[in-house]
Amino acid sequence: MTEKARSKLPCRMAKVKSPRQVYLAKRRNDKITTVLLQIGLLFVFIGVWELAATVGWIDPFITSCPSRIVKILGTIDVKDLFIHIGYTLGECAIGFVAASALGILIAVLLWRFKKLRRVMEPYIVVLNALPKIALGPIIIIWVGAGMQAIVVMTVLICLIVTVISVLNGLMAVDEGKILLLKSMGASRTQILTKLIFPANVPALVNMLKINVGLAWVGTIMGEYLVSTAGLGYLIIYGSQVFKMDLVMASTVILCLLATAMYLAVAAVERIVKRKYHGE
Amino acid sequence: MALLELDRVDLIYQTETDETEAVRNLNLAVDEGEFIALVGPSGCGKTTVLSMIAGLISPTRGSVTVGGKPVTAGSGDVGYMLQRDNLFEWRTIESNVFLGLSVQKKLTKENREYALAMLDKYGLGEFRTHYPTQLSGGMRQRAALIRTLAFKPKLLLLDEPFSAVDFQTRMTVCDDVYSIIKNEKKTALLVTHDISEAVSMADRIVVLTGRPATVKKIFDVDIDAPTPLKKREHPSFSQWFDRIWKEVSL
Ligand SMILES: Nc1ncnc2c1ncn2[C@@H]1O[C@H](COP(=O)(O)OP(=O)(O)OP(=O)(O)O)[C@@H](O)[C@H]1O
Ligand SMILES: [Mg+2]
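Top to bottom, those sequences are chains A and R.
Mind the numbering: the first sequence is residues 1 to 279 in this note's numbering, read in order.
Mind the numbering: the second sequence is residues 1 to 250 in this note's numbering, read in order.
Accuracy of the hints is not assured; some may be wrong.
Label-pair restraints from in silico Cβ distances [as the list claims (entries may be wrong)]: (1) A:264 <-> R:41: 32 to 40 Å; (2) R:109 <-> A:135: 40 to 48 Å; (3) R:16 <-> A:128: 23 to 31 Å; (4) A:117 <-> R:33: 45 to 53 Å.
Everything labelled a hint here was simulated from the structure, so no lab data went into it.
We put the CB at the ideal spot given by N, CA and C, even for glycine.
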């Protein structure tokens with residue numbers, strides 16, 4: 001290779017970028033800076049909190065601070081902590097699955113039987129308007145103050161919303177497609193399995209995402225009321241004996257768990273959507 | 001014997017507030033292999049007539065028979081193609097085309113091959129595994145037609161099948177659909193607003209009165225040209241257009 005050619009080659013490769021490459025590089029840079037800023041924000045928040053507590057701007061006895069949260073997490077018996085986490089996670093997961101499954105089932109029945117739908121309509125409206133937390137004491141008396149009461153609470157909070165949103169999705173399917181299937185001689189069941197369900201996959205996944213959030217609300221509410229075990233219990237207990245470090249530590253763990261569960265559902269959503277559109 | 005017969009058919013819709021007489025004393029006979037166009041003023045009851053022939057609603061009085069038997073939805077005798085293609089976005093083109101077969105539990109190897117051969121024959125072979133959103137409007141319409149033909153109906157019903165296709169592609173889609181129907185030797189009943197479409201495609205044009213619909217006049221169109229596009233260029237086309245147009249708007 002001549003001297004000239006050698007000097008030319010890398011130069012060309014470095015300089016001539018296609019518009020596509022420029023675009024992709026810009027996109028990548030954008031993404032990286034966004035993530036860096038997100039992480040940065042978290043550190044700044046933690047830093048300022050810690051600083052404010054050390055300097056004395058805030059009273060760590062009331063507000064706690066990151067170092068004290070870490071410290072208390074070190075002193076809690078790990079086995080104990082995991083038992084509490086296990087309770088909360090279990091209640092939340094059971095409630096979430098039960099409410100989603102039951103909600104879909106009820107919605108399908110209401111879709112299938114018009115008469116039933118008409119009859120049930122006012123009841124659904126009232127149940128939806130009712131603040132479910134008000135039923136807490138009744139639930140405890142009926143099913144006992146334990147895990148079962150918390151699961152029931154979770155189911156109640158998720159169920160009506162699930163039924164309403166799923167039913168809306170089922171009813172929203174294009175009339176023309178239903179007519180097409182009917183003209184082919186499809187039964188109600190075939191219309192359900194070949195059209196209504198597949199058409200509602202994105203809506204169903206969306207419903208799951210909303211339910212994850214609601215299930216946590218139900219579970220923690222339930223634990224506040226029942227107060228035997230779980231992160232909600234730790235929070236209530238911590239606040240009663242004024243151990244703000246324990247309250248904050250439990251809240252942080254709760255944050256992490258809820259995020260993890262949300263991400264899991266979001267991952268399911270991605271897989272389903274890819275399958276659904278076949279991209 | 002005629003393939004399709006409507007004998008003194010009445011249809012009255014009942015609703016909470018009132019009743020609507022949509023069809024009154026309609027008589028029509030369609031022979032095998034014919035291509036019939038049904039035209040009439042907007043809202044006169046054309047879709048209602050097709051729905052009765054498809055077995056989706058039953059006439060208030062009178063009888064609708066296909067091949068001598070009263071129609072029922074899902075007998076597989078009638079294929080109904082609606083205004084929009086109604087392809088299922090989550091199914092591939094191939095699996096869309098199999099829809100009727102799977103509903104009617106006729107998804108045999110032989111029927112599958114018949115449907116796939118039609119996809120090949122009409123230029124959709126390489127799009128078998130594509131999704132509807134990846135196809136143009138004209139291709140989608142062709143896929144919808146093949147889906148209807150796949151279960152080998154004796155009679156095809158087309159309710160304004162081109163109204164959702166943009167104007168540019170409309171004429172070619174019209175040509176494609178026509179040639180597919182003629183190729184497969186199907187009997188077809190086309191509802192349309194567009195008189196030029198009716199004149200360019202049909203062997204016979206049935207003009208309906210305003211609501212309640214009944215037959216006003218029947219024209220045997222005899223333009224001697226092989227395809228809709230060629231018919232449009234034929235000297236007698238505009239005369240036919242005028243005659244039908246006068247009859248419809250009178
Ligand atoms: N399910 C129904 N219940 C009550 N009335 C109906 C129903 N379907 C149609 N109609 C009425 O029957 C009449 C005929 O309707 P149809 O849809 O058959 O007309 P069309 O000729 O297809 O109209 P267009 O040209 O707009 O497509 C209209 O007046 C319409 O309002
Ligand atoms: Mg119509």
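Take a look at whether the Cβ-Cβ distance between residue 16 of chain R and residue 128 of chain A falls inside 23 to 31 Å.
-> 27 Å, holds
Taking 32 to 40 Å as the hint, is the beta-carbon distance of residue 264 of chain A and residue 41 of chain R inside that range?
-> 58 Å, violated
Outcome for the supplied range 40 to 48 Å, where the beta carbon pair is residue 109 of chain R and residue 135 of chain A = 58 Å, violated
Consistency of beta-carbon spacing, residue 33 of chain R to residue 117 of chain A, with hint 45 to 53 Å = Hint holds: Cβ distance 46 Å, inside 45 to 53 Å.
The structure fails to meet hints 1 and 2 from the earlier list, while all remaining hints are met.
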